[in-house]
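K.L.:
Sequence:
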Amino acid sequence: MRILVSLGSTALLRRNQHLSCAALHERITEVAQHLAGAVMAGNHLVVTFGDASQLGLLALQTINSPREALMPLDVLQAQATGWLAYELELAIRNALPGGALVVSMVTQTLVDLHDPAFHAAGAPVGPVFDKHTADHLSAELGWKTGQAGNGWCRLVPAPKPVDIIEVDAIRRLANTGVTVICGGGGGVPVRRDIDGKLHGIEAVVDKDAAGALLAERAEADFFLMLSDLGGLHLDFGGEEQRLIAAAGPRDLAAHLANFPEWTLRPKAQAAISFVRATGKPAAIGKPEDLAGILAGRCGTLVSPGEGLISFHDAAYEEVAP
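First residue of the sequence shown? That's 1 in the UniProt record's numbering, and the numbers climb one at a time after it.
There's no promise every hint is true.
[As the list claims (entries may be wrong)] With a straight-line Cα cutoff of 30 Å, these simulated DSSO-like cross-link-like pairs (lysine-lysine) come out:
1. K144 / K131
2. K197 / K144
3. K197 / K280
4. K160 / K197
5. K160 / K144
[Claimed, not checked] Across the chosen pairs, the derived CB separations fall in these ranges:
6. A291 / S65: 38 to 48 Å
7. E140 / D313: 48 to 58 Å
8. M1 / V103: 12 to 22 Å
9. Q61 / E306: 43 to 53 Å
10. G279 / L60: 40 to 50 Å
11. E140 / D168: 35 to 45 Å
12. A139 / G279: 28 to 38 Å
13. M1 / T133: 42 to 52 Å
14. S65 / D235: 36 to 46 Å
15. R67 / V103: 28 to 38 Å
16. P116 / R192: 14 to 24 Å
17. E219 / A120: 28 to 38 Å
18. R191 / E219: 23 to 33 Å
19. R67 / E306: 47 to 57 Å
Quick caveat, the hints were computed from the structure, so don't treat them as lab data.
In this text, a Cβ means the ideal position worked out from N, Cα and C, and glycines have one as well.
Given the sequences, and given the hints that come with them, work out the whole structure.
P.N.:
Structure representation (structure tokens):
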């Protein structure tokens, strides 16, 4: 079975954990063991990943550099993607038997300049500043800034992915049994000019939406999104929180407004998109539960067909790792 595995930022670095090379390496080594287990069980993996924390760190470093050394966002994204892809390839190779075929690539995602996102408020990227610093950077660098949580940060367009430039190469590699690591951070966004040439653009692409598109175009049999959450919860964080065990796309779509906008909702939307486009299943869960998700015991499964949403019982939520 060909599985598109999308690793969220909190799958690669635990929530509220300090970002360091050592912490990242340790966590990726743990996650790679679960990925390798799926490969050794006979599955073919295409692995994508989030890079928000790493992109933020690189953005902070470049801001503190001389202005002539300031790098555009697309270049920073390529750097963050290369960093994480290297760590993932290293860890997966070490977790697999000798001779296993693993390759990583920086991936470009085509976006449409007519996307309404280029005229919207924008998505927060990079480090958080106080308002004075944000205003100064906005005036000096021409950035659009806005409030994000307890501070201010840069805001950039977040267009929908239109195509994955390297998808044919990814599919061909996957067809030969190669474990492919690609699509980091949703891919580096690029636009196409009237002559058909590609150009980098300062924007971000939602990794879950890009993952769903890549899963469809790479002809995956299963689309799996992993983070530090056990799946999709209704009333997340509330007294009536319940972990969904299974749902159809229409059933799930009816509850989209109940999911937090920047965490669970994009995953639910991506799962719905993939299932509707392909008629194949998607799931959301934790890296530690990967084998259990594939066996139907853990996480949230979204599959074709409609019916009542089913839930894991409270005992499962209490003991699930």
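K.L.:
Decide, hint by hint, whether the structure agrees.
P.N.:
Checked hints:
Of the supplied pair hints, the one linking K144 and K131 holds, its CA atoms being roughly 12 Å apart against a limit of 30 Å. Proximity of K197 to K144 is assessed by CA-CA distance (about 27 Å); at most 30 Å being required, the pair is judged to hold. Using a Cα cut-off of 30 Å, the hinted pair K197 and K280 is violated, with the two alpha carbons roughly 34 Å apart. In summary, the hint linking K160 to K197 is supported, as the alpha carbons are separated by about 20 Å, within the 30 Å threshold.
For the given pair, K160 sits about 20 Å from K144 by alpha-carbon distance, which is consistent with the 30 Å threshold. A hinted range of 38 to 48 Å for the beta carbons of A291 and S65 is consistent with their spacing of about 44 Å. The hint said 48 to 58 Å for the Cβ distance between E140 and D313, and at roughly 55 Å that hint holds. In this structure, M1 and V103 meet the distance hint of 12 to 22 Å, their C-beta atoms being roughly 20 Å apart.
For Q61 and E306, the Cβ-Cβ distance of about 49 Å falls inside the hinted range of 43 to 53 Å, so the restraint holds. Between G279 and L60 the Cβ separation comes to about 44 Å, which falls inside the hinted range of 40 to 50 Å. Range check, E140 to D168: Cβ separation about 42 Å, and the 35 to 45 Å hint holds. Range check, A139 to G279: Cβ separation about 51 Å, and the 28 to 38 Å hint is violated.
Between M1 and T133 the beta carbons are some 49 Å apart, a value that agrees with the proposed interval 42 to 52 Å. The beta-carbon spacing between S65 and D235, approximately 45 Å, falls within the hinted interval of 36 to 46 Å. Between R67 and V103 the beta carbon distance is about 37 Å. The supplied range of 28 to 38 Å therefore holds. Distance hint for P116 and R192: a CB-CB separation of about 18 Å, consistent with the stated range 14 to 24 Å.
The beta-carbon spacing between E219 and A120, approximately 32 Å, falls within the hinted interval of 28 to 38 Å. Between R191 and E219 the beta carbon distance is about 26 Å. The supplied range of 23 to 33 Å therefore holds. Range check, R67 to E306: about 56 Å between beta-carbon atoms, so the 47 to 57 Å window is met.
Against the hints set out earlier in the document, violations occur for numbers 3 and 12.
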